[in-house]
Amino acid sequence: MLGYTITQWLFGILSFLAVMFALLVVFSKNPVHSVLYLVLTFFCIAGHYLLMNAQFLAIVHIAVYAGAIMVLFLFVIMLLNLNEQHEPRRTSVSRIIGVIVAGLFLMVLVGVLKGTEQLQLTNTANAEAGLIKNLGQVLFNEFLFPFEIVSILLLAALVGAIMLGKKEVKENVNENRI
Amino acid sequence: MEKSSLLDYLPILIMFGIAAGFAGLILFLTHVVGPRRKTRVKLEAFECGIEPQGNARVPFSIKYFLVAIIFVLFDIEIIFMYPWAANFKVLGILGVIEVFTFIALLLVGFYYMLSKKALKWED
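Chains as they are written, first to last, in this note's numbering: chain P, 3 to 180; chain D, -18 to 104.
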């Protein structure tokens, strides 16, 4: 088909859809619609993982990001006050700050992508490395230390979340005493 | 080493297609078959027969967020157990020790959560 393989066609279609849904995330007025478009973006990215022979990662990406993280996003939206009279006014200062932050992020991205020019990707020395069985063998032998570090990272995240989340209750108790 | 190819995903693709097609078909059928009587009473939000009052856009309690974030963290813990389960016999006793160390560290967090009563729903 026009000199492209089926993998290249899939890559092109998935990339187009991912970029299109990402733009819709930014441009949709309703924050809940943004979250739903973000779910579709994550599905496209999971398709990219499949093309790169990271099958387990693709499934985990859908389960964790499209499932769990998006629930968190929805809760954050519901924590905010969505009534229109409480809509924060976008001043020109906040717009300038936004442009500066986005520009810096773009610079970082361009810098990283420039660094990969020298990097020669040895394409799929082991095309089945992403399957769960092969992944487990690598994870529990070569990458054992990073795996154990992950548990400390999760522990830190759990403690941090409880510290920040329970603060409100403490304040309430104090208010009741007063 | 297990083998895989893009053709292995054909059943998953078919399943996605059937799921999306079924949802679309049902949405289409409700519009075609269902009667449409747009009166003021029928269009207002259903609130157990009580007159709706106020706005649905009230900020939620942060407790929902706390429960959700704790869920995500233990969700990630479970995901790391799948590669272990698939290699349980190959890894043997060493794998058991590795994963139990992992779980033990997270259990510390679990007991911290219980001792702080993070899941208790008092107002």
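Do not rely on the hints blindly, as some may be mistaken.
Stated by the list, open to error - Taking lysine to any residue pairs in the SDA-like style, the calculated list, with each CA pair at most 20 Å apart, reads:
1) 31(P) / 37(D)
2) 135(P) / 62(D)
3) 135(P) / 46(D)
4) 98(D) / 135(P)
5) 97(D) / 163(P)
6) 44(D) / 31(P)
7) 44(D) / 145(P)
8) 98(D) / 76(P)
9) 31(P) / 38(D)
10) 135(P) / 77(D)
11) 168(P) / 62(D)
12) 168(P) / 97(D)
13) 97(D) / 31(P)
14) 98(D) / 157(P)
15) 97(D) / 165(P)
16) 70(D) / 157(P)
17) 168(P) / 42(D)
18) 135(P) / 20(D)
19) 44(D) / 76(P)
20) 168(P) / 79(D)
21) 70(D) / 72(P)
22) 135(P) / 72(D)
Said to hold, decoys possible - Here chain D is said to cover these stretches of chain P; the calculated rule only asks that three of the stretch's residues, wherever they fall, bring their Cβ under 8 Å from a Cβ of chain D:
23) 29 to 42
24) 100 to 112
What the hints assert, rightly or not - What follows is a set of in silico ranges between Cβ atoms, one per label pair, in the way DEER data are often shown:
25) 101(P) / 27(D): 40 to 46 Å
26) 118(P) / -7(D): 42 to 48 Å
27) 1(D) / 5(P): 49 to 55 Å
28) 93(D) / 6(P): 17 to 23 Å
The set of hints was computed from the structure by calculation and includes no laboratory data.
Where is the CB? At the ideal position from N, CA and C, for every residue including glycine.
These are the hints, each one checked on the structure:
Straight-line distance between C-alpha atoms of residue 31(P) and residue 37(D) comes to about 18 Å, which keeps the hinted pair within the 20 Å bound. In summary, the hint linking residue 135(P) to residue 62(D) is supported, as the alpha carbons are separated by about 12 Å, within the 20 Å threshold. Restraint check for residue 135(P) and residue 46(D): not satisfied, since their Cα atoms lie roughly 34 Å apart, outside the 20 Å limit. Between residue 98(D) and residue 135(P) the alpha-carbon distance is near 38 Å, which puts this suggested pair outside the 20 Å criterion.
Using a Cα cut-off of 20 Å, the hinted pair residue 97(D) and residue 163(P) holds, with the two alpha carbons roughly 12 Å apart. Note on residue 44(D) and residue 31(P): the hinted pairing is violated, with a Cα-Cα distance of about 27 Å set against a maximum of 20 Å. For the hint linking residue 44(D) to residue 145(P), the alpha-carbon distance of about 36 Å lies beyond 20 Å, and the restraint is violated. For the hint linking residue 98(D) to residue 76(P), the alpha-carbon distance of about 24 Å lies beyond 20 Å, and the restraint is violated.
In summary, the hint linking residue 31(P) to residue 38(D) is supported, as the alpha carbons are separated by about 16 Å, within the 20 Å threshold. The straight-line distance between the Cα atoms of residue 135(P) and residue 77(D) is roughly 16 Å, inside the 20 Å bound, and the hint therefore holds. Pair hint residue 168(P) plus residue 62(D) does not hold up; C-alpha atoms about 29 Å apart against a cutoff of 20 Å. In summary, the hint linking residue 168(P) to residue 97(D) is supported, as the alpha carbons are separated by about 8 Å, within the 20 Å threshold.
The hinted pair formed by residue 97(D) and residue 31(P) fails the criterion: a straight-line CA distance of about 39 Å is larger than 20 Å. Between residue 98(D) and residue 157(P) the alpha-carbon distance is near 16 Å, which keeps this suggested pair within the 20 Å criterion. Of the pairs offered as hints, the one joining residue 97(D) and residue 165(P) holds, with about 9 Å between alpha carbons and a cut-off of 20 Å not exceeded. In summary, the hint linking residue 70(D) to residue 157(P) is not supported, as the alpha carbons are separated by about 28 Å, beyond the 20 Å threshold.
With a C-alpha separation of about 11 Å, the suggested pairing of residue 168(P) with residue 42(D) holds against the 20 Å cut-off. Only pairs whose Cα atoms come within 20 Å are accepted, and residue 135(P) paired with residue 20(D) is rejected, the gap being roughly 59 Å. Between residue 44(D) and residue 76(P) the alpha-carbon distance is near 14 Å, which keeps this suggested pair within the 20 Å criterion. The straight-line distance between the Cα atoms of residue 168(P) and residue 79(D) is roughly 32 Å, outside the 20 Å bound, and the hint therefore fails.
A distance of roughly 35 Å separates the Cα atoms of residue 70(D) and residue 72(P); the hinted pair therefore is violated under the 20 Å criterion. Restraint check: the Cα-Cα separation between residue 135(P) and residue 72(D) comes to about 11 Å, which is no more than 20 Å; the hinted pair holds. Only residues whose beta carbon comes within less than 8 Å of a beta carbon in chain D count, and the region 29 to 42 of chain P has 0; fewer than three means the coverage is violated. Coverage of a stretch by a chain is defined here by at least three residues with a beta carbon nearer than 8 Å to that chain's beta carbons; for the region 100 to 112 of chain P and chain D the count is 0, and the condition is violated.
Range check, residue 101(P) to residue 27(D): Cβ separation about 45 Å, and the 40 to 46 Å hint holds. With their beta carbons about 31 Å apart, residue 118(P) and residue -7(D) fall outside the hinted range of 42 to 48 Å. As the Cβ distance of residue 1(D) to residue 5(P) is approximately 31 Å, the hint placing it in 49 to 55 Å is violated. One distance hint, 17 to 23 Å for the beta-carbon pair residue 93(D) and residue 6(P), is violated here, with the actual separation near 53 Å.
Hints 3, 4, 6, 7, 8, 11, 13, 16, 18, 20, 21, 23, 24, 26, 27, 28 from the earlier list are contradicted by this structure; the remaining hints agree with it.
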